[in-house]
Amino acid sequence: MSILVLAEHDNASLNAATLAVVSAAKAIGGDVDVLVAGEGCGAVAEQAAQVDGVSKVLVADNAAYGHQLAENLSLLITELGKGYSHILAAASTTGKNVLPRVAALLDVDQISDIIAVESADTFKRPIYAGNAIATVQSSAPVKVITVRGTAFDKAAETGGSASVEQVGAAHDAGTSAFVGEELAKSDRPELAAAGIVVSGGRGMGNGENFEILYSLADKLGAAVGASRAAVDAGFVPNDMQVGQTGKIVAPELYVAVGISGAIQHLAGMKESKIIVAINKDEEAPIFQVADYGLVADLFEAVPELTGKV
Amino acid sequence: MKVLVAVKRVIDYNVKVRVKSDNTDVDLTNVKMAINPFCEIAVEEAVRLKEQGVASEIVVVSMGPKACQEQIRTALALGADRGIQVETEDKLDSLAVAKLLKAVYDEEKPDLVILGKQAIDSDNNQTGQMFAALTGLPQGTFASEVKVADGKVSVTREIDGGLQTVALNLPAVVTTDLRLNEPRYASLPNIMKAKRKPLDVKTPADLGVEVASSVTLLKVEAPAERSAGIKVGSVDELVEKLKNEAKVI
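Just so you know, the protein sequences line up as chains H and C, in that order.
Residue numbers for the first sequence follow the numbering used here, so the first one is 14 and each next one is one higher.
Residue numbers for the second sequence follow the numbering used here, so the first one is 724 and each next one is one higher.
Just so you know, these hints were derived from the structure itself, not from any lab.
A couple of the hints might just be wrong.
Claimed, not checked - For the chain H half of the interface with chain C, some residues (derived, Cβ under 10 Å), not all of them:
| no. | residue |
| --- | --- |
| 1 | Leu118 |
| 2 | Ala183 |
| 3 | Gly320 |
Where a beta carbon is used, it is the ideal one built from N, C-alpha and C, also for glycine.
With the sequences and hints as input, model every part of the structure.
Structure follows, in structure tokens:
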């Protein structure tokens with residue numbers, strides 16, 4: 014068996030999500046090749062070659078792949094992927110955008126967001142917002158799969174010595190173009206990879222009040238997240254959203270502040286090791302999943318907590 | 724221009740699902756069903772494009788058993804012009820739906836196809852992308868803004884870390900994210916009017932599509948329960964527990 018992993022990167026460095034995908038690939042077994050497609054992405058390829066367990070790094074350096082447009086990238090992966098038994102990518106917005114397109118071009122079904130590898134053809138994945146776990150078996154000649162990053166340990170960033178091979182194929186479908194992007198700037202750790210996450214919900218009242226969460230987060234070295242209610246109310250930008258339709262996190266410690274705990278939100282964080290809930294409504298569903306619950310006014314409890322940790 | 728919108732009948736998002744005791748699937752008997760929330764956003768966007776004078780006709784399509792006509796009627800009540808149901812009792816995977824949708828697309832020849840980004844039952848997030856691949860159309864997934872001008876559609880996409888804008892040649896495929904719009908409610912007169920709007924029923928055989936899947940569902944289980952936690956009385960106690968018991972800070 015041989016497995017092709019699509020590297021997630023920003024043309025400068027390899028995203029940690031890819032390391033978890035490499036681990037999932039190792040659990041399936043076989044040679045693991047990593048495809049780095051981008052523009053000026055040589056440094057990423059060097060990084061990928063160091064990752065423990067990677068046999069070969071394929072580099073497709075071309076302007077057509079600069080912004081990972083699905084139309085172009087899927088043609089490349091489909092061409093390269095025909096020789097592989099599995100094609101894997103992180104269940105990130107990039108992986109979710111590109112991989113189903115690859116699967117359809119190969120005329121195979123795709124398995125999304127796996128959380129466990131049972132065998133080379135059998136996988137577990139959450140359905141119904143994480144309220145049920147399905148075990149599925151695929152008979153497709155090429156198994157196209159996205160991997161939930163938080164469900165697998167990250168492969169070591171060093172210890173590997175993969176060969177780096179250039180692939181020439183430039184596919185430009187010519188149907189789409191990158192116009193621009195607007196990335197939220199943050200000095201705090203990335204939400205999906207943080208060891209501690211502090212999240213606020215509708216109970217925060219407004220965007221300014223998130224300052225008290227930022228203070229707590231900075232003290233803990235934590236990332237700040239939010240519930241859909243807080244995002245929809247315009248308190249914070251949407252890339253902070255934790256939940257079924259936002260980011261899935263599984264940190265050591267998750268602190269939910271002013272979050273009631275709707276199914277949609279729980280789907281994004283209930284794999285966290287320790288969950289702390291601070292809410293003034295003692296009936297809030299979040300207390301049913303919290304390891305430690307504090308029934309209190311968050312505007313008093315959070316500053317006090319910041320002072321004491 | 725003509726807009727095709729795909730909608731799916733799913734369990735109502737407020738219902739907490741229960742796994743069947745024999746672990747074959749989740750139990751959907753006597754459970755409230757509704758139009759998938761992302762599909763509702765897709766219908767709303769199409770209706771807004773019509774109100775702006777950009778779209779001239781909205782066709783809404785759903786695949787599944789007869790009951791999904793209910794969701795098509797809902798979409799018609801929200802402002803779609805006519806409906807197509809592809810009737811099948813088979814459980815459809817995303818690739819099968821994408822193939823059926825391609826067959827409908829080939830007959831209808833719309834300029835824009837709008838889908839939700841994912842259905843809240845299977846949580847796949849595949850159909851829009853697969854359909855785009857099969858038709859060779861460009862895709863604007865996870866859209867939070869859609870603007871049609873000069874034969875192109877500009878789509879602002881929600882990506883990890885922020886927003887990205889792409890320009891797609893028409894015809895194109897757009898899948899909706901939550902913040903694209905706030906869907907309206909159907910008014911009673913519109914619900915009555917929707918009953919008289921045309922609704923065609925086809926079968927996969929009419930469309931010449933095989934709906935077989937290469938994925939077998941072996942088992943469905945309830946997720947592992949979290950062990951019950953405790954309520955602490957004060958911030959001091961919380962800090963003490965986190966430091967000494969859980970050892971996470």
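Here's how the hints hold up against the structure:
A distance limit of 10 Å between C-beta atoms decides the matter here; for H:Leu118 the minimum to chain C is near 5 Å, and the interface restraint holds. Proximity of H:Ala183 to chain C is violated relative to the hint, the smallest CB-CB distance being about 18 Å (cut-off 10 Å). A least Cβ separation of about 9 Å between H:Gly320 and chain C falls short of the 10 Å threshold, and the interface hint therefore holds.
Checked against the numbered hints given earlier, the structure breaks only hint 2 and satisfies all the rest.
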